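Participant: These protein sequences, in sequence, are chains C and B.
Note that the numbering used here numbers the first sequence so that position 14 is 14, with each residue one more than the last.
Whatever position you read off the second sequence (first residue = 1), add 302 for the numbering used here.
Rather than coming from a laboratory, the hints here were simulated on the basis of the structure.
Where hints are given, some of them may not hold.
Cβ pair distances, simulated, as ranges [unchecked claim]:
hint: 1; chain 1: C; residue 1: Leu208; chain 2: B; residue 2: Ala501; range: 44 to 50 Å
hint: 2; chain 1: B; residue 1: Arg363; chain 2: C; residue 2: Glu153; range: 35 to 41 Å
hint: 3; chain 1: C; residue 1: Leu31; chain 2: B; residue 2: Ser468; range: 51 to 57 Å
hint: 4; chain 1: C; residue 1: Arg297; chain 2: B; residue 2: Gly568; range: 32 to 38 Å
hint: 5; chain 1: B; residue 1: Val413; chain 2: C; residue 2: Arg130; range: 50 to 56 Å
hint: 6; chain 1: B; residue 1: Ser349; chain 2: C; residue 2: Leu208; range: 41 to 47 Å
hint: 7; chain 1: C; residue 1: Tyr205; chain 2: B; residue 2: Leu343; range: 47 to 53 Å
hint: 8; chain 1: B; residue 1: Val312; chain 2: C; residue 2: Leu208; range: 22 to 28 Å
hint: 9; chain 1: C; residue 1: Asn264; chain 2: B; residue 2: Ala501; range: 41 to 47 Å
Derived, one-sided and incomplete: chain B residues facing chain C with beta-carbon distance under 7 Å [said to hold, decoys possible]:
hint: 10; residue: Ser308
hint: 11; residue: Phe340
hint: 12; residue: Ala350
hint: 13; residue: Ala352
hint: 14; residue: Leu416
hint: 15; residue: Leu419
hint: 16; residue: Val420
hint: 17; residue: Pro422
hint: 18; residue: Leu425
hint: 19; residue: Pro429
hint: 20; residue: Thr555
Chain B regions said to be covered by chain C (calculated; three or more residues, Cβ under 8 Å) [unchecked claim]:
hint: 21; segment: 354-365
hint: 22; segment: 450-461
Computed from a predicted structure; not experimentally measured.
Note that beta-carbon positions come from the ideal geometry of N, C-alpha and C, so glycine has one too.
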Amino acid sequence: MRYRRRALVLLLPALILYTVFVAYPYINSLLYSFTDWMGVGPKHFIGLGNYMRLFTEPRLARTFWRALSHNALLFGVSMLFTVGLGLSFAFILSSRRLRGRGFFKGVYFLPYILPALSAGFIWRYILHPRWGALNEMLKAVGLAGWTHAWLGELDTAFPTIMAVWCLRLTGLYILFFMAAMLSIPDELRDAARVDGCGRLKTIWYVELPLLRPTILLLSLLNFINAFNAFDMIYALSDLSGAPFGRSDVLTLFFYRTAFGSVNNPFGEGLGMGAAVASVMALFLIGVSLFFLKAIQRAQVEY
Amino acid sequence: MRPERSLRAVSRTMIYLLLVLYAAITLFPFFLSLVSSFKDLRELYASALALPAVWRWENYRIAWIQGNFSLYFKNSVYVTGLSIVGVLLIGSMASYILARYAFPGRTALSVYFLAGLVIPFRLAVLPVFVLLRSLHLFDTLGGLILVYIAADLSFAIFILTNYFRSIPREIEEAAVVDGAGPFRIYFRIMLPLVRPALATVGIVVFVWVWNDFFLPLVFLQTSEKYTLILGLFRFFGRHLNEWQYVLAGANITLLPVILLYLFASGQFIEGLTAGVRK
């Protein structure tokens, strides 16, 4: 097309902004991680020093691995619930004779679009040990023994957070699976019916295998989401992952390391923070590539 | 009725019950938050499930004033609005070129932009923090807006490039024959044609920016600059256990999103299921 050179000017603002505020910082973050910089003052190159400290100094290493294990647990549990519930509800909702589909879709999706921090505070109120609605409902149906200080007890805190987390995400998965099911041609379902398959058999033998790429893609999304968790966890616990780090996750650990917290007002400095960020980024990129490969392999043509 | 049909009726009823039950579970927290925000402390302590005797609208007035929400609301509207306009303008200009002009390195450049979809932006936040500080943009709404625009460009370019490609070339070719330059073609012809995609991207950026807690927490310091979510967070810290005010504040942050959702739920769903890669 003509006017080629002059037209490229339209590309410049995006290129500059993205390079300055996104691409360059990613690289810079990696560079910081090889220094002992505190954010102000002198900056010394210390090679892999931060990484060595992160993985060998017990205080840091223990917190890091504990936070990582919580992220991993969050990922696993959310896979079970969001993908399990998401698939089942999507199958129900995509039944052709169902009425009120639009309404249900709209309602289920709602929690996902609302601010996680505000929703977190609302849940905090519902889960309050003394005044919360959940304990009151349990007492009302004669299950007073089941009441807990849900977010305060060592054993219930993180499972409760994970439940709230799953409730927030399930709607997204329902809609995502529904969209994927719509793209499966009706002829395939009809053919299965002609061959004598019932509804459940059709789902199991025809639709589920065709949904594999979608399930893999959503697993990747679930993974990125779970390792990115911050707002909700912060609202339901606090910066330290209360109680006693039982709900600590990597982004909280990253924030404390870089910017400090009550117990450690100056943190470990930007260099150490950047090292944590780099480890997380490498981990995320590695797993993402693995998933993307699997998705490519699972791709089907109708 | 034949037994087979009544069996089907039963299973249909069960399915509707299940759907309604899950809808109730989904809506319950927000419904409870709405009702509870009108109570006084005594009523909150007496029962979480009872309705308030009097609907105390003053809870909202008190939260609004004590939480300084009118200022934070304005800040949030400003930040969200300018971020959306910036992402749409800058993103669509770039997408138009990437979709339409063949130039060396185009594929590499597309990949470069899309890479931002995979790695969470949070992990690049420290160098951005340092950069904003040296540009004297730390603790300014302008700096925050620039970061939001840059961070959401990947998504905008991903959606808009695809959309530009779906528009038939004949439309522009006629304009080129008429002697129109690329800027005129972009602003006068192409931009109006991609309006549906712009709406989708705009809504996604709205949700991301309006709801965001992390970046304001990192990049804003003085309380006059807070966005609504950060303001709510500080407000919560000052009013522990005065749940009627905290819930009123939380509801204030939800309201604009819910209102917009009622009008454009289709676009919310379309946009955010396309944007899940983030």
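Participant: Run every hint past the structure and note whether it holds.
Facilitator: Now the hints, each set against the structure:
At roughly 34 Å, the beta carbons of Leu208 of chain C and Ala501 of chain B sit outside the given window of 44 to 50 Å. A beta carbon spacing of about 37 Å between Arg363 of chain B and Glu153 of chain C agrees with the range 35 to 41 Å that was offered as a hint. Take Leu31 of chain C and Ser468 of chain B: their Cβ atoms lie about 41 Å apart, and the range 51 to 57 Å is violated. Distance hint check for Arg297 of chain C and Gly568 of chain B: the Cβ-Cβ separation is about 33 Å, which falls inside the suggested range of 32 to 38 Å.
Hint check: Val413 of chain B to Arg130 of chain C, Cβ distance near 55 Å, so the stated range 50 to 56 Å holds. Restraint check, Ser349 of chain B to Leu208 of chain C: a C-beta distance of roughly 46 Å satisfies the suggested window 41 to 47 Å. A hinted range of 47 to 53 Å for the beta carbons of Tyr205 of chain C and Leu343 of chain B is inconsistent with their spacing of about 58 Å. A C-beta distance of roughly 26 Å is found between Val312 of chain B and Leu208 of chain C, which places it inside the suggested range of 22 to 28 Å.
Take Asn264 of chain C and Ala501 of chain B: their Cβ atoms lie about 46 Å apart, and the range 41 to 47 Å holds. Because the beta carbon of Ser308 of chain B sits about 17 Å from the nearest beta carbon in chain C, more than 7 Å, this interface hint is broken. The restraint placing Phe340 of chain B at the interface with chain C is violated, with a minimum CB-CB distance near 14 Å, outside the 7 Å limit. Taking 7 Å as the C-beta contact cut-off toward chain C, the hint placing Ala350 of chain B at the interface holds, the least distance being around 4 Å.
Among the interface hints, the one on Ala352 of chain B is violated; its C-beta lies about 10 Å from the nearest C-beta in chain C, farther than the 7 Å criterion. With 7 Å as the threshold, the beta carbon of Leu416 of chain B stays out of range of chain C, its nearest partner Cβ sitting at about 11 Å, so the hint is violated. The beta carbon of Leu419 of chain B comes no nearer than 10 Å to any beta carbon in chain C, farther than 7 Å, and the hint placing it at the interface is violated. Annotation: Val420 of chain B was flagged as interfacial toward chain C, and the flag holds, the nearest CB pair being 5 Å apart, inside 7 Å.
Below 7 Å, beta-carbon pairs count as interface contacts, and Pro422 of chain B has one with chain C at about 5 Å; its hint therefore holds. Nearest Cβ of chain C to the Cβ of Leu425 of chain B: about 4 Å, under the 7 Å cut. The hint holds. Interface restraint check: Pro429 of chain B against chain C, minimum CB-CB distance 4 Å, threshold 7 Å, status holds. A cut of 7 Å between beta carbons decides the hint on Thr555 of chain B: the least distance to chain C is about 5 Å, and the hint holds.
Requiring three or more residues with a Cβ within less than 8 Å of a Cβ of chain C, the coverage given for the segment 354-365 of chain B is violated, as only 0 such residues are present. Residues of the segment 450-461 of chain B with a Cβ under 8 Å from some Cβ of chain C number 6, which satisfies the need for three, so the listed coverage holds.
Violation of the numbered hints given earlier is confined to hints 1, 3, 7, 10, 11, 13, 14, 15, 21; the remaining hints are satisfied by the structure.
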